[in-house]
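Two chains, each in its own frame: build the complex with the hints.
Chain order of the listed sequences is A and B. Take the first sequence: its position 94, counted from the start at 1, is 94 in this note's numbering, and no numbers get skipped. Take the second sequence: its position 204, counted from the start at 1, is 204 in this note's numbering, and no numbers get skipped.
Don't read these hints as lab results, they were simulated from the structure. Any given hint could be a false lead.
[What the hints assert, rightly or not] Derived EDC-like pairs: lysine to aspartate or glutamate, alpha-carbon spacing no greater than 16 Å straight-line:
#  : chain 1 : residue 1 : chain 2 : residue 2
1  : B       : 92        : A       : 2
2  : A       : 41        : B       : 125
3  : B       : 152       : B       : 63
4  : A       : 274       : B       : 93
5  : B       : 6         : A       : 179
6  : A       : 62        : A       : 73
7  : A       : 41        : A       : 51
8  : A       : 194       : A       : 168
9  : B       : 196       : A       : 51
10 : A       : 9         : B       : 93
11 : A       : 41        : B       : 132
12 : A       : 62        : A       : 51
[As the list claims (entries may be wrong)] Here are the computed distance ranges between Cβ atoms for each label pair:
#  : chain 1 : residue 1 : chain 2 : residue 2 : range
13 : B       : 60        : A       : 28        : 39 to 47 Å
14 : B       : 125       : A       : 49        : 17 to 25 Å
15 : B       : 140       : A       : 117       : 46 to 54 Å
16 : A       : 73        : B       : 192       : 53 to 61 Å
Backbone N, C-alpha and C fix where the C-beta goes; we use that ideal spot for every residue, glycine too.
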Amino acid sequence: MEKLYTFLKYTFITLWTVFIVAPFLWAVSTSFKDFQSVNSKVTYIPWLDFEPTLEGWRVLVKSPARGGVDIVEPYFNSIFVTCTASLVSIVLGTLAAYALSRFTFKAGFIRNNDITFFFISQRIMPPIVLSIPFFIFLSTIGLLDSLLGLVVVYIVLLMPIAVWIMVDFFNRVPKELDETALIDGCNPYQAFYKVVLPNSIPGLIVAGMFCIIFGWIDFFFAFILTFTEVQLLPVKVVALNSSITPWWSLSASALISVAPLIIVAFVVERYLSKGNLSGALK
Amino acid sequence: MNFKHKFVFLFPGLFVLIGILIFPIIFTIRLSLSGWNSYTPEMNFIGITNYIRLFTDDPRFWESFFRLSFLSVSTVILQYIIGFALALMVWKEIKFKRFFRVIFLIPMMTTPVIMTVIWRTFFHESLGPVNDLLGHIGIGPILWLSDPVIAKFTVIIVEVWQWTPFMFLLLLAGLLSLPKEPFLAAAIDGASPFRKFVYVTFPLMAPISIGAIIIRLIEASKIMDTVFVLTSGGPGTATETSSFYIYIKGLREFQMGYAATLSFTYLVIMIISLTIIAKVLTKLMIKE
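So that you can see chain B by itself, here it is in the shape it has in the complex (with noise of 0.2 Å):
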């Protein structure tokens, strides 16, 4: 095929989506070697301190993101094993199937920002439902936003409401796409569900499981809107996380310089963790 085309097709896309991006980058590479706050809102240069500093002199930052390491892998765990059930269990013939399938897929539809409103009453200490009903059966209040290590479950729970839709959607896509000849051979074998599950369908579905939770660990590692609703990274830092930390330096602070630091670290240690987990993944889960 006539060698121009291709570029025709290419050029525009990747060049929309490089002018867009370029200027940002750069910027904040720029900026994270500049003293940019408040006092000073320009752009000088100061080398490398701001590296120093975060370094040395920054144990929230780490702490944030151990939190989030924390928060993104375990809901991401939890997505992927009740999101595997559910499309299991939708797969093949059940009644109201296609009811459940629906019912099951709307919170992802769903904005999570304007549903964490909803779950902030949900959850609220004396006025919501949730400890209403415990206290019917004798459970004492519990504080799900204002207890350090409650709150972070509170998140999880929403965050496991908010997104495992979307690896149910990735998982039973996946399902029924498998071709049904390993199937039948396993059925002529006369292995039992469970052997089946083993041996036949986790196999064929490893690739798949793969790249859903892949996905779902780059969304999940974003985690923002959720925590800026439901509990502001309270109390205390207790649910802060490393976006959210940014956020605070950044735009509340005004350590322009500082943030972008913060920023461009955090971008480097997301790919190179996420390429790291990935092939470990991949090893874990496709045993020739």
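Chain A with its partners taken away, still in its complex shape (with noise of 0.2 Å):
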């Protein structure tokens, strides 16, 4: 009984670990080819399959007007939306998370809980109901297609994720802390940003690195909302996959689009394993 299950518990893992490697592999390899090896029939592994070239690599640092597909300008761009809407999402999310954990906010039938349901709802709204009027917004303030507008937007979509962390993280916190820091002669302000600040650096940590997951996988947003001037990275790729498609630029540029965001992946295990997440996280 035990042995058969962990037979089936190792067959399970060793699966499920196939079939999330599979996709990357078959990039990888992809991305090595040449028009023949793609076309004249599938071939899986180079040397063996197929005589591998760097074509599809050195497409991706090429200018345009020389044939290449150059995304080093929209990964600095989407680098710069990303980090500043989240940057801009936890510092307020922060603060808003903190009075809904530690004050009690009464406005006729609105509670803590509504207020904090409201942040938190926003997430519910699916971009394309918000995409038509933002259009709209943006085009009047004449942020349309800048990153100064996607910056806007993507606060909207980050905000709701760093107070849903922060709220859970604050009721973890003792509220003792704060009282004794009062008692010790802090105002409320020093209260929270000498005391109960560093000592939420775990949450903050995990409320950062979902509010740069979740910028930086957005695609909507960027497609309906930029079009020339400033293109965002997610964009540029799938631009490349509707024109005529090599598929090894294709799979070159996805993979260099989609390896930062891996070392996150690391960085959530460590925490995840030394507990802290499962604070935070709940």
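Shown next as structure tokens:
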């Protein structure tokens, strides 16, 4: 019985691992192919099945004028928009979460939980519902097709995540901590800044990582709200997909686009194993 | 504590969010009462004509809505079962625990549209590896993207790949935060692993499970990126979800007014149904 269970467990884990890794292996292999090895028959292993070339990777840094793709600029745009929006969301979201966790709000029938729900409920809205009015809103204030406009929109996407994680986290930080600080003569801002915040670093890191993930992977807003001036990475890669597709440069650009966040998986795992995450994510 | 300070903490975030959102929401409601389209691009007032059209003369929207319900509910159920199984398996000591945990997390860190671009080559019906490998063991070419029924399952496969890690993460974080005492008591009673799961682990995990399922349902209901790249709603309308239909009406056919009607109706339905689902799940999973 015990043996059978162990056997089934490892079989399942192995199969799932293969399923997760398969598209990546396929993409890595494809990125070194040329026209012949993509279109004649399905090939898998370099040198054995086909002669690898670096063409797919070289195209990425060439300028479009010389037949390249140039994903360098979209790359930096994506980094800038994601980081700025995450930072603003974390700062504002953490402050709001602290207020919602420590103080009581009452206005008519509205209580703390309703305000928290208001923040989190913004995630329910499908991007398409917001994208049309945002399009008109941003063109009215002249921020259509600009990095700043995207940052504004991404704050709406990311602040709910920051509030969601930080409210839960602050609820777990003992109240005595701030009370002691207040008795010791801090004002509420000092108590927050000097005592509560340093004790909330795991929560902040988790919230930050989630903001970065959900900012980095967004496609639809970037797709609707930018055209030529500003391009983000996902839009650029998908645009490649719709032209006559050389699979090798497509695969190379896809791999290089998803690579940076894979580091985040290691960070998340580290916090998970140290037990810090279980408090922050519940 | 002093009364005013709490507002200093809350208001910046709250007002930034409201400030960004208030215009889009009011605008959508107003737009839904207008006949704004490519012939008359203006904010006229046509009352509830659009709503009448939606409720009496637009089966395509309701079909897309049921398709969305099917896709999101079935993917979330699969994600919950697989995610829970995986989380249980790497919860206690096993070989290469940390390695597997990282592997299981990776898909959610990757951009859905970009991975879907890869999946499209992966499931390519003549040049992709799946049909090639299946061909070697004698299974004829499967029309992953051009058969109306199979295309739905292809979307489900990609969604399960992409988002099971999120479920896994929430459930594993939950498992790791469980108190130790109930498990000790069960061990002293000599409970079998199966009984331990049914009577201890699962009930303790119920609130966390509900949270995770609701979060995933919310995110799954927005399914759009995958469909957009993988099938563009096709073949025909076989994988067209509500979001995609609204996108076609609004930004391809420029029936802005009608698209706003669809958006607003869709939003109301989503909020109501998610609230009901949350209530029902709470009743089902937490038995006193």
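### Task
State, for the Cβ atoms of residue 73(A) and residue 192(B), whether the hinted interval 53 to 61 Å holds or is violated.
60 Å, holds
Is the straight-line distance between the alpha-carbon of residue 62(A) and that of residue 51(A) 16 Å or less?
23 Å, violated
Review point. Can the restraint linking residue 62(A) and residue 73(A) be considered satisfied, given a maximum Cα separation of 16 Å?
Key: Answer holds: residue 62(A) to residue 73(A) is near 12 Å, not above 16 Å.
| request: Please work out if residue 194(A) and residue 168(A) have their alpha carbons no farther apart than 16 Å. | output: 20 Å, violated
### Query
Going straight from one Cα to the other, do residue 6(B) and residue 179(A) come out at no more than 16 Å?
15 Å, holds
Are residue 152(B) and residue 63(B) close enough, with their CA atoms no more than 16 Å apart?
It holds: about 14 Å lies between the C-alpha atoms, which stays within 16 Å.
The hint says 39 to 47 Å between residue 60(B) and residue 28(A); measuring C-beta to C-beta, is that right? Roughly 41 Å apart at Cβ, these two residues keep to the hinted range, so it holds.
**Asked** Given the hinted pair residue 41(A) and residue 51(A), is their alpha-carbon gap at most 16 Å?
**Response** 14 Å, holds
Under the criterion that the straight-line Cα-Cα distance not exceed 16 Å, is the pair residue 41(A), residue 125(B) satisfied?
Holds, at about 12 Å.
Below or equal to 16 Å on CA atoms is what counts here, so check residue 92(B) against residue 2(A). 15 Å, holds
task = Compare the distance between the alpha carbons of residue 274(A) and residue 93(B) with 16 Å, and conclude whether the hinted pair is satisfied.
result = Holds, at roughly 14 Å.
(message) Given the hinted pair residue 196(B) and residue 51(A), is their Cα-Cα distance within 16 Å?
(response) 55 Å, violated
In terms of the numbered hints stated before, the structure departs from hints 8, 9 and 12, listed from lowest to highest.
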